[in-house]
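Undergrad: One letter stands for each residue in the lines below.
Protein chains: 6
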Amino acid sequence: MNKRLSHYDSAGRASIVDVSDKPITERSATARAFVAMTPKVVSALPNNRKGDPLEVARIAGICAAKKTADLIPLCHPLPLTHIAVEFRVNINGIEVEATARTAARTGVEMEAMTAAAIAALTIYDMTKGLDKGIEIRDIFLLEKRGGKSGFYRRRSGKKPEVRD
Amino acid sequence: MNKRLSHYDSAGRASIVDVSDKPITERSATARAFVAMTPKVVSALPNNRKGDPLEVARIAGICAAKKTADLIPLCHPLPLTHIAVEFRVNINGIEVEATARTAARTGVEMEAMTAAAIAALTIYDMTKGLDKGIEIRDIFLLEKRGGKSGFYRRRSGKKPEVRD
Amino acid sequence: MNKRLSHYDSAGRASIVDVSDKPITERSATARAFVAMTPKVVSALPNNRKGDPLEVARIAGICAAKKTADLIPLCHPLPLTHIAVEFRVNINGIEVEATARTAARTGVEMEAMTAAAIAALTIYDMTKGLDKGIEIRDIFLLEKRGGKSGFYRRRSGKKPEVRD
Amino acid sequence: MNKRLSHYDSAGRASIVDVSDKPITERSATARAFVAMTPKVVSALPNNRKGDPLEVARIAGICAAKKTADLIPLCHPLPLTHIAVEFRVNINGIEVEATARTAARTGVEMEAMTAAAIAALTIYDMTKGLDKGIEIRDIFLLEKRGGKSGFYRRRSGKKPEVRD
Amino acid sequence: MNKRLSHYDSAGRASIVDVSDKPITERSATARAFVAMTPKVVSALPNNRKGDPLEVARIAGICAAKKTADLIPLCHPLPLTHIAVEFRVNINGIEVEATARTAARTGVEMEAMTAAAIAALTIYDMTKGLDKGIEIRDIFLLEKRGGKSGFYRRRSGKKPEVRD
Amino acid sequence: MNKRLSHYDSAGRASIVDVSDKPITERSATARAFVAMTPKVVSALPNNRKGDPLEVARIAGICAAKKTADLIPLCHPLPLTHIAVEFRVNINGIEVEATARTAARTGVEMEAMTAAAIAALTIYDMTKGLDKGIEIRDIFLLEKRGGKSGFYRRRSGKKPEVRD
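These protein sequence lines are chains B, S, L, P, F and Y, in that order. Under my numbering, think of the first position of the first sequence as 181, with each following residue one higher. Under my numbering, think of the first position of the second sequence as 181, with each following residue one higher. Under my numbering, think of the first position of the third sequence as 181, with each following residue one higher. Under my numbering, think of the first position of the fourth sequence as 181, with each following residue one higher. Under my numbering, think of the first position of the fifth sequence as 181, with each following residue one higher. Under my numbering, think of the first position of the sixth sequence as 181, with each following residue one higher.
These aren't lab readings, by the way, just hints derived from the structure by calculation. A quick note: this is a predicted structure, and the numbers were derived from the prediction, not measured. Please note: incorrect hints may appear among the correct ones.
If several chains are the same, the list does not tell them apart, and a pair holds so long as it fits within one copy or across any two.
Unchecked claim - Derived SDA-like pairs (lysine to any residue); straight-line CA-CA distance at most 20 Å: (1) 328 x 285; (2) 247 x 330; (3) 328 x 204; (4) 328 x 224; (5) 247 x 269; (6) 312 x 331; (7) 328 x 200; (8) 328 x 199; (9) 312 x 325; (10) 220 x 259; (11) 328 x 225; (12) 202 x 268; (13) 247 x 329; (14) 220 x 272; (15) 247 x 195; (16) 247 x 268; (17) 328 x 275; (18) 220 x 315; (19) 247 x 262; (20) 202 x 247.
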């Protein structure tokens, strides 16, 4: 294994690695999270009269993507050009899909992961009064474009959000 | 089901619910997250010469707990009196356990959940160069003390962090 | 006039004034802002298929109230116990009403004002593509309770939000 | 009206709209706000011995421009190249004028508006001890340069800051 | 030496130490910093026509005190009741003195130190165009009150800010 | 002396100076700070069983560099491409050396200075329980590259970190 831990310099010290010599290119990433809850709780979500908890979670996820460099110590600050957070309401929970884009010297994988995680935590926060057993499951990178490593897409066989 | 979604007032509007009339009491909460990775990646973690990725993740989790009200839109700002983040290195990943305490009018469940999630995201960030398949799994509340609902502990039968 | 500018000490230096000796009491404040727009733009607001711009503005206002001490240099950090932002859709614009509560040594007037202002700016941000002439008008304190100065309510004769 | 609400994608979901394909160009914007107060309060402002409340407000406005993407949920983070906040002391209040510049894929209108609003709120905060009736009036865009829509300047006939 | 490093628990792990059982008491602290510059630069400071660099530094120091828990990883968030930053203009530099107060379970030493450091860095930032040799010297705790350890004052014999 | 105070416009008003017309070039800066402590305290540092206080300080310094524009009022926000914080353990204290890089229209001197200062404050925070006399000394710019003024390196004769 000739790969290294990320964010360590050649002397083994944690740092924000020097990307000064890398070219600015288009980058995008999509991450997914799943908030598992009972069908009863899922069905309660749209019944709220004036506000939709998923809209609050969407805004939380978008705002969190912009805070990534403030949350993850060794992430570079990046000028994001696009952030979107989408939801799919399943019978046993809410699937979160977050996308980030930039034109930068390094990728936006952590921005997408952070948006998905905080959107999921916000859904949890708004539904936890209905059921203490709600859990966040399977935050993972779905897709990544741009940069030296090019295109990556998670193998579709895995369906971690549907379990028995 | 006579419970309501959290953070909505009687007219169904999202708000930071009024806790002015609730007494200040001792509250604590512990949350868990699991970062799943191959045994090969797990074994690479302690091999870093000068810094330990888990120490970076611990600081990230502690700092994130203090930012909870800035990340989760409808959380009250709380004067935390204790934050701790611990790790257990398993053969197939890293278990994260985050604890928060306060003396306040509302609980610290989201602070513990946020600390666990951001510590897990930081581990992910530092190991993702070794394996693209690393995933964060099963962020959940382990234990909660204080407040009107009293003591809660997740049933121990569930062992979501060990899978095959 | 024996009153003084706020936030200056006896030597005339800007400071966060010492409230250590003041008792902790219940405080609340309500502020109002008005976003003036043409009836055509007002009528376009509810026509958005999947999201409501006012829900985004509500979250922005609530989050801004929690950032008041970070935005207004000489404000004390306060442990808010309640934040709510409401809207009334008029024929010629959107009325914003923001309320904040705390139990503290100083009042939450600036928290209510900041929530109203940022909610109004967010409405402006989301509607500015429809009309460049949209303006924010008349951010003012509507009501204040608690503290040494007691109850205050703005005289109702003023209706700055309805103009010709 | 074939224009759309800002910040919604084609499916009607709130997002930080994708500007990846837009060119980086010079952008600037100037916004104005007015803090209305009695002549008695205006005359008290320069009488402070050692500090000038308007200098505090200037710094608050400049710092707020840098926080715009953190305050207005759907704003892109922008690398500002210039921020200035100026004041004109009128007989019946303080006129605030804030300017922001960048070289970016989207404009700085909200940065100028936010700087003007927070500078105005800071003046309010520092004078509110003298008069409860102080109000912030008429936050609006004065001028905008750059981007697809080109140059815009508000018609000069409007003088919202002078009223009887 | 039976004292321990701060912020480590009994197992040697970095944490925000649990202060839940400590009583809320009055605490204050005063810290000092010195920005050394040539007499020529010192004399240039008051010559600025419309603004005073020390006023900008004062606001920066006050705002920084409120960000202490966000900057110093293991500091508790504290509800500050007072922050003041003062300056003494010497022939060979500017002396900064920052004071913080709170009623809390732990002290405000780091808030005073952080305010002094950031005020000093801001003075440096505003004068660095005049002389590259400007340095910040001797940030130290001058005085501390409250808490278990009681009153502390640095021995006055030390005069680190005057050197030859 | 035809130089001017930094950050003031031609009318003498504090502002974030307009760098729109300056070219984007490579910039780097290195700053140093020294935390003076008794040899007894220095020798206690590596004795901590599970965590290293210097690793906490390193992360604090790196994170602080990313917050520079939020801490120093008139600093431009910059897209940092590299941040590193290193330590040298001397007999009488810890030497901190912080480096920042960017490709931008203005330099990263303040980012390096801020990283060094906050790393030093964090070391102070973690050792202050062992000795109240610990002090931060001599925060200064060691080296600067890029921009109009080109290369600068502090004269090596000065050894402010070793004193008797």
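Undergrad: Go through the copies and call it for residue 328 and residue 199: within, between, both or neither, with a Cα cutoff of 20 Å.
TA: within (12 Å within a copy, 22 Å between copies)
Undergrad: Taking 20 Å as the upper bound on the Cα-Cα distance, should residue 328 and residue 224 be classified as within, between, both, or neither?
TA: neither (45 Å within a copy, 23 Å between copies)
Undergrad: Check residue 202 against residue 247 for me: Cα-Cα at most 20 Å, and say if that holds within a copy, between copies, both or neither.
TA: Neither: 23 Å inside a chain and 23 Å across chains, both beyond 20 Å.
Undergrad: How would you classify residue 220 and residue 259 at a CA-CA limit of 20 Å: within, between, both, or neither?
TA: neither (41 Å within a copy, 34 Å between copies)
Undergrad: 20 Å Cα cut-off: does residue 247 pair with residue 268 within a copy, between copies, both or neither?
TA: Answer is neither; intra-copy 24 Å and inter-copy 28 Å both fail.
Undergrad: Checking an output row: residue 247 and residue 329, CA cutoff 20 Å. Within, between, both or neither?
TA: neither (25 Å within a copy, 30 Å between copies)
Undergrad: Reference check for the pair residue 328 and residue 200, CA-CA at most 20 Å: within, between, both, or neither?
TA: both (14 Å within a copy, 19 Å between copies)
Undergrad: Should residue 312 paired with residue 325 be assigned to within, between, both, or neither, using CA atoms and 20 Å as the limit?
TA: For residue 312 and residue 325, only the inter-copy Cα distance (13 Å) is at most 20 Å; the intra-copy one is 38 Å.
Undergrad: Quick one: residue 247 to residue 195, C-alpha cut-off 20 Å, is that within a copy, between copies, both, or neither?
TA: Result: close both inside a copy and across copies, 19 Å intra and 16 Å inter.
Undergrad: Under a CA distance limit of 20 Å, which applies to residue 202 and residue 268: within one copy, between copies, both, or neither?
TA: neither (37 Å within a copy, 30 Å between copies)
Undergrad: Reference check for the pair residue 312 and residue 331, CA-CA at most 20 Å: within, between, both, or neither?
TA: between (39 Å within a copy, 12 Å between copies)
Undergrad: Given identical chains, is residue 328 near residue 285, meaning Cα to Cα at most 20 Å, within a copy, between copies, both, or neither?
TA: within (10 Å within a copy, 24 Å between copies)
Hints 2, 4, 5, 10, 11, 12, 13, 16, 17 and 20 from the list above are not met by this structure, while the remaining hints are.
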